[in-house]
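Chemist: Here is how the chains run, residue by residue.
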Amino acid sequence: MSVSVENLSVAYRSRRGDLTAVDNVSFTLADGEIMGLAGESGSGKSTLGNALIYLDQRMKQTGGKVRLDGNELPIANTKAMKHLRMAEVSLVPQYAMSALTPTRKIGTLTDDLLKSHKVRNRDEVFAEMKRRIALIGLKENVLDKYSFELSGGMRQRVTIILSTLLNPSLLIADEVTSALDVSTQRAVGEMLLEFRDRGYIKSAIAITHDLSILAQIADTITIMYAGRLAEKAKTETIIGDPLHPYTQALIASLPDVGVRHDTTTLVGIPGRPPSLTNMPTGCRFRERCPFAFAKCVETPPFVEVKPGHQVACWKVSQEEANK
Amino acid sequence: MSTIKVDQVSKLFRATSRSGGLTPALRKVSFELKPGEVISLIGESGSGKTTIGKIILRLVDPTSGTVTFDGKDISQYSTRGLRDYYRHVQGVFQDPFSSYNPIYRADRVFELVRDVYFARLTEKEWDAKIEGALDAVALNPGDVLGKYPHQLSGGQQQRLLIARALLLDVKVLVADEIISMLDASTRVDVLNLLVKLKRSGLAILFVTHDLSLGNYVSDRTIILRQGAIVEMGATEKVFGNPQHDYTRMLLTAVPELRKKWKHTPLEVAVAANGSAVAADVIEASPNGAVASAVARASLLDELSHTEQVIKRDLRTMFGGTRKASTKSSTVAVALEPPALNEFEPDHLVAEPE
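Residue numbers (our numbering), protein chains in the order written: chain A, 834 to 1156; chain B, 137 to 489.
One chain only, chain B, in its complex shape (with noise of 0.2 Å):
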C-alpha cells in the first residue's frame, strides 16, 4: 500500500511586504489518499490548496504537522531517500508552457529523468520505455518526440510532463491545476487520461478551482477554505448534498451551460441629501444571508480583511517582541480550524466560523 497521510499539517507564511507580518496558509488539514483515488481539492485563491501539493512534493515543509509516504514521515528522509520517494511522487503543475525550457526540445524532460534514475539502461530499453509511457497518454512518438515546445499544443504539453511523471514507478501524482489553461476542446483527453490512470491504481490529489471538473474526475472531495477544511467527503455526497454554506454558495456560483443564474437587480441606498449610501449590507446581515452574488462577493472580500486581522495579531506574536511571541497558545486559537463533525459515513463537515 502506497498511502499518503497528511497529519495535522499547518503553514504559516511570513508575509513579504515591509509590515512583515505571518499568514496561516493551512490550519491543521488532515486526511489520507489511496492508491487508485483521486482527491480533488477545491478552494478559492488563497485557500491553501497549492500548499498542501507544494508539501506532499516537499517543495515547501509544514510548520507543524507531519505527511506520511507508507507510514514513513517525508521530512525524515535523506538525498537517497528522497531520491526514491519522487520515484513514487510526482507533480504536473498548472502552466505547461512555462514548465519547458524553450530554448531545448520537449523531450529533454524524459532525458533529465534518465539521467538521474535511469542511468543504466540501454538506448533500446529506454526507448520502450518512452514509448510505453507516451502509448498510456495516447500521444503518438511522431508528434511530439524531437519537438520544441513551441510547437505542441498546451494539452500535449501537458500529457508529455505525466508521461514524464510514468516513466518512473509513480504511486501519487499531485496534479495542481493542470487543466485550467487548456481549451475546452483538449481539458476533456487530459481528464480522461486521469481517469484512465486511476483505474490502474494512481493515487491523483486533484488540486483545483473548478467545481464541475472536479466532480467529473474524483472520488473524494475536500473543500478548503481559509487553510481549513470546511467539508470533506465522497465526491457525490459533498457535491449531492452539500452541508456547509461555504460549499453551498460555491456550488450555486458555479457557470452551468444549462441552467442560468438568478439576477437580482441591485439597489443603491440613497440618502437625504442625494449621496449614494455605502453599501452596508454586510452589516446588515451577518449570516451570509445576502440577496445577490454581488453582494455577497463583497462579503468574501471582508472575510479576507479579517484574515488580515489574523495577521496583525500574529505578526505581534512572531514578529514583534520577543516577549511576545513567547504567547503561543494564543497562535494556536488563531490557527484552531473549526471542528469536523461527521454527517454522514464518509462526509465531514466543519462548524461554521
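Bound-form chain A, shown alone (with noise of 0.2 Å):
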C-alpha cells in the first residue's frame, strides 16, 4: 500500500475562523493504483490534492495523517516536506498550460529544477528524460524549445514528464486533462496509464469533475462533496452500480454518446453544494437528496458497505445492513 490517509482534515485561515475544506477524509492507495478523484466545484477536491504536496500559508492541517509507503508524510512541516516533493511525491498543477516558465528553455528549465532539488546525477535523468520524450512520440529538441514554441498539448505532457522524471510514490495530477482537446485529452490520459505501467509512478490521484475521463484512467474513483468523501470503489462499480444518491445523480446527468434530447432527457441535481462558512449538521447532500430522510441530520460514517466499496449514507449502510 504505497499511500494511507487517515482522518485527513484541511482548514484555510480565514478572519472568521478556520474554514474547514477538507474534513476528516481516510482513504488508502495501492501500489499501482490510479484513483480518479471526482467532485463540483468547491467540493475541496483540489484542496486536497494540494494538501499531500504542499500546505501554503492559507492552509493548515487541522488533523489526521498521511502515509507514504509506511513512513508519516510530514504535510505540514513545509521544509522537511522540500526533500519528498518531487522525488516522492509531486504534482501535475491545475494550470499545467502555464506552469511552464516562458524565459527558460524547457531542457535549461529541467536542468535549474533537477539542481534545486539537488539530484546528482543529472546526465542520467537527461537521457531517460530524452527516453520518456521519444516514448510518448515528441521530438527530442523540445528541450531547445522555450514553452511558448510548444502547442497545449505538448506543454501538458512535457509538464508530465518533468513531474514524473524522479519516479515519485504519488502523483497528484489535478485536473490534468480538462483544458485540452478531446484528441490530446486521449493522448495524455494514455501517458498516464503508460507511466504507471511502466513504473514511472507507482500510484496517482487524479482530480477532476469530468467521470468520463476517470472512466478511461481511474482503477478506482473517489466522490467528494463539500469537504467529505461520499463513495469510493472500483471505476466500473461507480459507473455501473453507485449506491450513494448524490454519485448517482451525478452519473445521471452525463450524456452517453449518441444519447439525444429527442429521445432521452438528462436530469440536473436541484440546489448547489453548501457554502464552506455555512455547513449543514449531519449529512451535507441531504438538502439536495430525493431519500433524505430523518437520520440525515446526524453525520453519516464512510464505511465499507462492500468488499471494497465505501459509502457514507444512512440511507445505503442500512438497507446494506437489512440485506
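Misleading hints may appear alongside valid ones.
[Said to hold, decoys possible] Between beta-carbon pairs, the in silico distance windows are:
(1) A/Y928 <-> B/D143: 37 to 43 Å
(2) B/F479 <-> A/T1097: 39 to 45 Å
(3) B/T388 <-> A/D864: 28 to 34 Å
(4) B/Q212 <-> A/M1112: 31 to 37 Å
[Unchecked claim] Below, in silico cross-link-like pairs of lysine-lysine (DSBU-like), each with a Cα-Cα straight-line distance of 30 Å or less:
(5) B/K260 <-> B/K283
(6) B/K190 <-> B/K265
(7) A/K1067 <-> B/K373
(8) A/K1139 <-> B/K373
(9) B/K398 <-> A/K1067
(10) B/K164 <-> B/K398
[Stated by the list, open to error] Reference listing, derived: stretches of chain A covered by chain B, where coverage requires no fewer than 3 residues with Cβ under 8 Å from a Cβ of chain B:
(11) 1005-1019
(12) 1046-1056
(13) 1099-1105
By construction, these hints were calculated from the structure, which means they are not laboratory data.
Beta carbons: idealized from backbone N, C-alpha and C, even for Gly.
Please assemble the complex out of the two chains, which come individually in their own frames, going by the hints.
Modeler: Structural data, given as C-alpha cells:
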C-alpha cells in the first residue's frame, strides 16, 4: 500500500476563523493504483490534492495523518516536505499549460529544477528524460524550445514528464486534461496509464470534475462532496452500480455519446452545494437528496458496505444491513 | 423567416508577435442557421469556431465573405440598424464568472438592456417582462434578483445571461461554450433550457468542443478543422456515420463512461548505441495510420506546424514587401478549403487535405 490517509482535515485560515475544506478524510491507495477524485467545484478535491504536497500559507492541517510507503508524510512541515517533493510526491498543477516559465528553454528549466532538488546524477536523468520524450512521440528538440513554442498538448505532456522524472511514489494530477482538446486529452490520459504501467509513478490521484475521463484512466474513483468523501469503489462499480444518491445523480446527468434530446431527457441535480462558511449539520447532501430522512441530520460514517466499496450514506448502510 | 446565412466567410488574423504573419482563422465557411434549429459547431482549439460566432455577432469583421440576416448583409447596418440587429441576435459566452461586473448586482445586466431598448416601459411592465424571462430559464426571481454575481452559482449566472437575451425579441442565440465551465449537475439544466428555447423557435449556434454535448442538443452539426468545414449535416448522420478521417478520430477520442479506450502500450525505438531514437512514427505513416492516440496527437502537433508554414508564406505575401503582397492568387490557394462533396442528403464531407 503506497499511500494511506487517515482522518485528514485541512482548513483555510480566515478572519472568521478556520474554514474546514477537507473534513475527516480517510482512504488508501494500493501500489499501482490510479485513484480518480471527482466532485463539483468547491468540493475540496483540489485542496485535498494540494495538501498532500504543499500546504500554503492560507492552509493548515487540523487533524489526521498521511503515510507514504509506510513512513509518515510530514505535510504540515514545509521544510521536511521540500526533500520529498518531486522525488516522492509530485504534482501536475491545475494550470499546467502555464506551469512552464516562458523565459527558459525546457532543457534549461529541467536542469534548474534538478539542481534545486539537489539531484546529482543529472546526466542520467537527462538521458532518461530523452527516452521518455521519445516514448510519447515528441521529438528530442523540445528541450531546446521555449514553452510558448509548444502547443498546449505538448506543454501538458512535457509538464507530466518533468513531474514524474524522479519516479515519485505518488503523483497528484489536478485537472490535467480539462483544458485540452479531445484528441490530446486522450493522449495525455493514455500517457498517465503508460507511465504507471512502466513504474514511473507508483500511484496517482487524478483530480477532475469529468467522470468520463476517470472512467478511462482510473482504477478506483472517489467522489467528494462538500469537503467529505461520499463514495469510493472500483471504477466499474462507481459508473455501473453507484450507491450514494449524489453519485447516482452525477452519473445520470452525463450524456452518453449517441444520446439525443428528442429521445432522452437528462436531469441535473437541483440546488447547489453548501458554502464553506455555512455547512449544515449531518449529511451535507441531505438538502439536495431525494431520499433524505430523519436519520440524515446525523453525520453518516464513511463505511465499507461491500468489499472495496465505501459509502457515507445512512440509507445505503441501512439497506445493506437489512440484506 | 429570420435566417442567418454565412456565405464564403474567411478571416485572416494578423499575428501579434514581432515576427508578424497572418493566420487563416476561417477559410470560406458557408452554412445557414434556420429558426428552431440548433447547429453544433464543433472543433478543437484554433479551428475558428469562436471566430464564426464573433463574426455573426459583428464583434469581428470577416476578411472576405458575407453574413446575412433575413437577406440583409449585416456589415451594412447603420448604428440604428445594428441596434435592431442586436434585438434579434444575441450571444452568451463561455465564462459566466467574468461576464458580470463583480461590483454591481447581477441583475444590472437587465437594466443595461432596459436603458437601450425599453426606456419607455413602465416599472410594472418591465418587472413583468423580467419575470417572464426568468420563468423561461427556470430561475426563481427571489433567488437571483438583487444578488451579487458571487452569490450565484455558475449555472444560475449562465441562465441569467440567457434570460437577458430573452428580454429582447431574440431570434438567434450564439452560445459559445456556455456550459464547459459548469459542473455536470448544473450543465444539464442549461442544456435542457436550450432544447426548450429551440422548440419555441429560437435558432441556436452551439459552439463547443465537447462532442457528446453537441450530439445531445443539436439538429445539425458542423465539424471545423483549421478554419475549414470538414464535415457537416444532420447530427445523427455525422455522428452515426462519420465519413471524414478527422471526424472519426475525434469520435474515437471522446471519453465515454461505459466504454474504455483501447490502450496500446508504447514502445521506444532504440538505436544500436542504446540511445532512444526520436520517434519517427509521423514520417513512417503519413496517412494517419498511427497506432496509438499518443502518437496521433503528435501528428496533430505536426499539423499545426504545417499551419505555421502557411503563415510564413502569407507573411511574405502580405507583411513583406509591397511587391510580394500583390500575389493575391497564391493567398487564395493557401486559403482554399478542401472541396465539400455530398455523401448523402444533408451530409457533406470534405476531401482529405
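Chemist: Each hint: holds or not?
Modeler: Results for each hint:
{"no.": "1", "hint": "A/Y928 <-> B/D143: 37 to 43 Å", "result": "holds (39 Å)"}
{"no.": "2", "hint": "B/F479 <-> A/T1097: 39 to 45 Å", "result": "violated (27 Å)"}
{"no.": "3", "hint": "B/T388 <-> A/D864: 28 to 34 Å", "result": "holds (31 Å)"}
{"no.": "4", "hint": "B/Q212 <-> A/M1112: 31 to 37 Å", "result": "violated (57 Å)"}
{"no.": "5", "hint": "B/K260 <-> B/K283", "result": "holds (20 Å)"}
{"no.": "6", "hint": "B/K190 <-> B/K265", "result": "holds (28 Å)"}
{"no.": "7", "hint": "A/K1067 <-> B/K373", "result": "violated (36 Å)"}
{"no.": "8", "hint": "A/K1139 <-> B/K373", "result": "violated (44 Å)"}
{"no.": "9", "hint": "B/K398 <-> A/K1067", "result": "holds (19 Å)"}
{"no.": "10", "hint": "B/K164 <-> B/K398", "result": "violated (37 Å)"}
{"no.": "11", "hint": "1005-1019", "result": "holds (count 6)"}
{"no.": "12", "hint": "1046-1056", "result": "holds (count 3)"}
{"no.": "13", "hint": "1099-1105", "result": "holds (count 5)"}
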